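**Student:** Using the sequences and the accompanying hints, generate a full structural model.
Position in the first sequence (first residue = 1) + 5 = our numbering.
None of these hints come from the bench; they were simulated from the model. Watch out, some of these pointers could steer you wrong.
Said to hold, decoys possible - Simulated restraints, written as ranges between beta carbons of each label pair:
hint : residue 1 : residue 2 : range
1    : P166      : P132      : 16 to 22 Å
2    : T446      : N143      : 55 to 61 Å
3    : I206      : H21       : 54 to 60 Å
4    : E180      : S313      : 33 to 39 Å
5    : A23       : V317      : 28 to 34 Å
6    : K454      : L371      : 17 to 23 Å
Stated by the list, open to error - Listed next, the in silico EDC-like pairs over lysine to aspartate or glutamate satisfying Cα-Cα at most 20 Å (straight line):
hint : residue 1 : residue 2
7    : K352      : E381
8    : K311      : D330
9    : K402      : E381
10   : K337      : E43
11   : K315      : D146
12   : K326      : D148
13   : K421      : E441
14   : K366      : E441
15   : K238      : D208
16   : K315      : D327
17   : K311      : D286
What you are looking at is a predicted structure, and each value in this text was computed from that prediction instead of being measured. By construction, the Cβ of each residue, glycine as well, lies at the ideal position given by its N, Cα and C atoms.
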Amino acid sequence: MLQHQWQVTSTTTSAHLAQTMTLLSMTAAELQEKIESELSNNPALDLVEERRCPMCKRLLPPSGPCPICSQPMSETSDDPIVFISPREDFYTGSLASSHEIPDEPYASESIDLPSYVLRQAAADLRPEDRMLAAYILNHLDEDGFLTISVLEIARYHHRLPSEIEEVIALLKRCEPIGVCSSTPGEAMLAQIESLSEVMPIPDLSREIVRDHLQQVSQHHYNEIAKQLKTSVKQVQLVATFIVENLNPFPARAHWGDVRNPSGSSSEVYHQPDVLVYYLNDKPGNPLVVEIILPVRGTLRVNPLFKESMKSVGEEQSSEWKDDIDKANLLIKCIQQRSNAMKLLLEKLVVIQKGYITGSDKDMVALTRATIAQELELHESTISRAVSGKTIQLPNRKIVPLAIFFDRSLSIRTIIKEMIEHETTPLSDTEIKERLEKDGITIARRTVAKYRSMEGILPTHLRQKSPGSSG
DNA sequence: CTATGGCACGGATT
DNA sequence: AATCCGTGCCATAG
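**Tutor:** So, in structure tokens, the structure goes:
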């Protein structure tokens, strides 16, 4: 036993642990912020340029071959799943620039969002409004939302708020429709207006989008119906319309099924933390699991900084030493975060492979505690790693990672399908009995709960007209 | 009288 | 220790 080993480790461990915890609970987006702020504050921290694989154009670690193209894909024999995640080094697959995912129209032309929108709007803008439009477009966040208020813009440009509104209204009509809105609801309203020219819009759509978006995302259709004094059926119609046609985040291409099992207030899913897809997007190919690290390039301690430390005085040197230590710590912690995520995802993806490649029905009941045990990690670690994170599935839907722990999703889906397929309206009791035949035993009351969770009407309000299908 | 939704309790989960 | 989920009981609507 070495007696002095604690000298080195004891001081770093507690800080290390605490920071790892913090980083682990961060989403990709939050981590990005954190890294960016550290980069600007800590001169010792360095971000080196990205490398791409010549074959697949994928981002690479600073040294070594491409993990996809050169790696023999035999992580597990009968589950051909490839895991990409940073270990020693960092790299990231950026969603927009990955050539396999041509999802955003302006990404394929490789111009940025502001230019893309401005190009469309240019013809309709008065020359004196061009600057204004450019200014507005440069104050969008990654979802395409306005980050400043109309009043601020007005003050800055010495223009009337109404003039600003006019320009914004014009910009909202550009692709991606609804861009420059300040809330998801506003964006969706803009989309409705645009759609109304080419298709019929269900009654009350505007009202519901404007005032009841929250309830829609929680599937509280009956409440909405009551407040608007309309039928639940109509609300459902609108809800379906919303999910199928509207996108609350204009600059993001996809809106996953926003069912929120944890009931928390976060019904907002933008940038996923993990990607799962088939290699080259061909179903049947191995699954690729990619953990997103929101930084382009490799994070490291700047060797030049380290070098130049030798040639400065004592007091300066110790101050710099601090920076280097902090940088090292941050990098280590991020590595650990990535490692924990990787461990977790490895298990998760294998267990829930059915769900990932199949449907909601195939979700396996799972608790965080089970996973924690198998990974020999603390339950709270799993909790932190899962909470708030999202994952993009091969079908391009973005769902919360917590969905893998949704015990009732599979049963809810079975119920939903059962109701869709049967010709005679089934009562809750009948559903319960049918489920029992499939080996699922739940209380009649629970059937009712699941049914309303899925926004399905009670039996007597559910007349099946023979002509309608789907 | 039957089916459903509301409230609340207890056990599991985090 | 706090929270979530399934369930039972009861009032109410059809």
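**Student:** Please go over all the hints and tell whether each is borne out by the structure.
**Tutor:** Here's how the hints hold up against the structure:
A hinted range of 16 to 22 Å for the beta carbons of P166 and P132 is consistent with their spacing of about 21 Å. Checked against the hint of 55 to 61 Å, the C-beta distance between T446 and N143 comes to roughly 58 Å, which is consistent with it. At roughly 55 Å, the beta carbons of I206 and H21 sit within the given window of 54 to 60 Å. Evaluation of the 33 to 39 Å hint for E180 and S313 yields a failure: the beta carbon distance comes to about 49 Å.
A beta carbon spacing of about 31 Å between A23 and V317 agrees with the range 28 to 34 Å that was offered as a hint. Taking the beta carbon of each, K454 and L371 are about 20 Å apart, inside 17 to 23 Å as hinted. At roughly 12 Å between alpha-carbon atoms, K352 and E381 fall within 20 Å of each other, so this suggested pair holds. Proximity of K311 to D330 is assessed by CA-CA distance (about 11 Å); at most 20 Å being required, the pair is judged to hold.
Among the hinted pairs, K402 with E381 is inconsistent with the structure: their alpha-carbon atoms are about 30 Å apart, more than 20 Å. Under the criterion of a C-alpha separation no larger than 20 Å, the hint pairing K337 with E43 is consistent with the structure, at around 14 Å. At roughly 42 Å between alpha-carbon atoms, K315 and D146 are farther apart than 20 Å, so this suggested pair is violated. Proximity of K326 to D148 is assessed by CA-CA distance (about 39 Å); at most 20 Å being required, the pair is judged violated.
Among the hinted pairs, K421 with E441 is consistent with the structure: their alpha-carbon atoms are about 16 Å apart, no more than 20 Å. Restraint check for K366 and E441: satisfied, since their Cα atoms lie roughly 16 Å apart, inside the 20 Å limit. Proposed proximity of K238 and D208 is supported: the alpha carbons are some 11 Å apart, at most 20 Å. Note on K315 and D327: the hinted pairing holds, with a Cα-Cα distance of about 14 Å set against a maximum of 20 Å.
Proximity of K311 to D286 is assessed by CA-CA distance (about 43 Å); at most 20 Å being required, the pair is judged violated.
When each numbered hint is compared with the structure, violations occur for hints 4, 9, 11, 12 and 17.
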